[in-house]
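In the order they appear, the protein sequences are chains A and B.
Each residue of the first sequence is one higher than the one before, starting from 1 at the first, in this note's numbering.
Each residue of the second sequence is one higher than the one before, starting from 1001 at the first, in this note's numbering.
Simulated from the structure, these hints should not be mistaken for laboratory data.
Beta carbons: idealized from backbone N, C-alpha and C, even for Gly.
Be aware that a few hints might be false.
[What the hints assert, rightly or not] Calculated pairs, DSSO-like style, for lysine-lysine (alpha carbon to alpha carbon, straight line, at most 30 Å):
#, chain 1, residue 1, chain 2, residue 2
1, A, LYS342, B, LYS1096
2, A, LYS166, B, LYS1096
3, A, LYS390, A, LYS131
4, B, LYS1096, A, LYS236
5, A, LYS98, B, LYS1024
6, A, LYS166, B, LYS1097
7, B, LYS1024, B, LYS1096
8, B, LYS1099, A, LYS296
[Unchecked claim] Here are some, though not all, of the chain B residues that point toward chain A, as calculated from beta-carbon distances under 7 Å:
#, residue
9, PHE1044
10, ASN1046
11, SER1058
12, GLY1062
13, ALA1073
14, ASN1075
15, ILE1077
16, SER1085
17, PRO1089
18, PRO1092
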Amino acid sequence: MYMINKAAAVWLAFLLFLSMNAKAQIKQVPGPVLATDSLKLLKQAPNPVPNPVLTADSLATGNYKDVLNSFFQLGFEKFTGPAKEFKFTATPFAVMAKLDTTLLVDTSYIRYRTLRNLNFSFSAKLDSSFKFNGFSSGIKYALINKRDETVSRAFVNTVLGNVSTKQLFALNSLISEQISKMPESEKSKAILDYTDFTDGVKNFGALSQALQDTILAIAGRDDATKTLAQTIGRNKNFNLKKTADSLYQDMKANFNKNLLWTIGISDTTYKDEFIFSNIVITSELLQGLNNYNERKNDLELNIKTALQLVDDSTRSGRDLKRVLFSFEPGINLAFKTRGTKKSYLEIKFSGGYYHNFSYLYQDEERDRFTMNTTLRVRVFSDIWIPLDIKYDPKSGNLFGYLNVRANFKALGNAAKQLF
Amino acid sequence: MAKSIKSAKLSTNSLVATASASSKPASINFTFSSGIGQATASLFRNGVLINMQSISSSGAIGFSDVQSGDVTAINGICTGQAVISVSVPTTPATPKKFKAGLIIGAFLIN
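The shape of chain A in the complex, shown without the other chains:
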C-alpha cells in the first residue's frame, strides 16, 4: 500500500527544486575561510566583505534543532497526510527573555540553564479537510546537553588555550604596545588604521605601508607571533577578523558534536472532549560521530525510543490501554557548503523496531521492523522541510510524511534591544 499520494510527489519535486536553489543561494554568500589549528594562508578576496553572521542556530543541523530547540520553532507537520498538525515549540526562557531582555546578561543567563534545556510545545491537529481534530501538548528536557557552548567554561578555555588564538592575542598586545610609544601626532591615525584591521574592514595589504611594516617587524621578532608574521607576510589578503571568526567557528562546530540526550512526554486530546487519546514518553540521543573538518560532511548518531499509550479501539469507551514500544537507531548525514559551513541537505537512515505489549488487532503483528529515511532540506536559513519515509520490508508498505519547520532566533533579536 503506497500512502505517498500525488500531492506528496509534487511536493518532493518542489522540495528538490528548492534544495538546488537553496544550495545555490547559500554558496553565493561569502563566508569565512576555515583555518585549522595552525594559521594558514587564507585565500581571501582583496576587498573584504562583511562575514555572514553565523550563530549556533544557523549552523546547527536540522536534526539537532528538531531534538532540542533553542528559541522558537513553528512546524506544519504531515501536511500531505490525512492527520495534519500545526505545532509551536519554544523554551520558557525564550518567552521570559522576550519580556525581560536583562535576563540575557550573562549573570542571569547562566542561572537559567535548566529553563533553556526545557522545551514545551502546543499543537492543533487538523484532519484532511483542515478541520480541528484534537489538541496536543508536550514537554521535553535535555538530561545531558554538552552542546551548549554559550555557557560552557570548558569551551571558553578551549578557545583561549588554542595556539592560534594566543598568537592573535599576542599580536594585538604587541601592536598596542608599539602604538603607545609612537609620537603623539601619529597615534590616532595608527590606532584607527589598526582598528580597521582588527574589525576586518581592511585586509593586511590595505593598511598603510608604515603599519604593515610595523606589524611584520614587531610580530616577526617575537617567538609568540613569529608563525603568524610569516603567514601575514605571505598573504596581503590576510584578514584578521575572518581568521579569528574561522578559528572560533571551527571550535564551536566541534563542540556541537557533543552528547545531547533528551526525554519528553506529549499528549493528544480528543477533538470533542478534553481527555487524552494518546500519551507518548520519548527519549532521544544525539552524538557526533566524526570530528569537525571543513571538507567532511557531518555524521551523527541519533537514537529514538518511545512508549506510546493509546486508546484500544476494540474496547468500548475511551482508554489508554494499547501500549506500543518503538526503538529507532539511525545515522544522520549532513551535507554542508564549503563557504558558510551550513548544512543544506540532511539524510537520516534508521531502522525501526516496534513492539505491541497489548491486545493485537486483526492481522497485526506483535513485533515489526521498518527501514526509515528522513530527508531534510534547508530552503532558507531557518526553514527546513523534512520528508519522512518509512518502509516495512515484510508487508512492502511505504509511508511518507512531509513537514515544514522554521526556527526563530528570537533571543538574538531580543539581545539587540539590550543596548
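Using the hints, position chain B against chain A.
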C-alpha cells in the same frame, strides 16, 4: 625599503608609570549577553605594560591612572555578545559591540 612607524623618544621618566597632572581613573565596562565571556585589558604607556586585569563575567575593570596617549589592548572571548565601554574618551569611540567569537581590540586614551 621597509619603513616602520617611528617610536617616541624614550627616557627614564617615560618608562615609569607615575601620576601626572593629566592622570585620571578609568573603568572598562564589559557586558556579556546571550552567553558568557572572558577578557583581559592591558594598559600600555610609552611602550611599557603598566597595568593588566582580567574579567570573567559582566562588570568593570578599573585603572586608577590613565593618561592621554595610553593604549589599552583588549583580548578575550564571548559566546553570545559583548559590549565594551571605556569611561573616558577613546579612539575609536566606545561602546563597541562584539559578536560571538574572539574579542580583539585596542583603544587609545584621548
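Unmet hints by their number, sorted upward, for this structure: Violated hints (numbers, rising): 5, 12, 16 and 17; every other hint is consistent with the structure.
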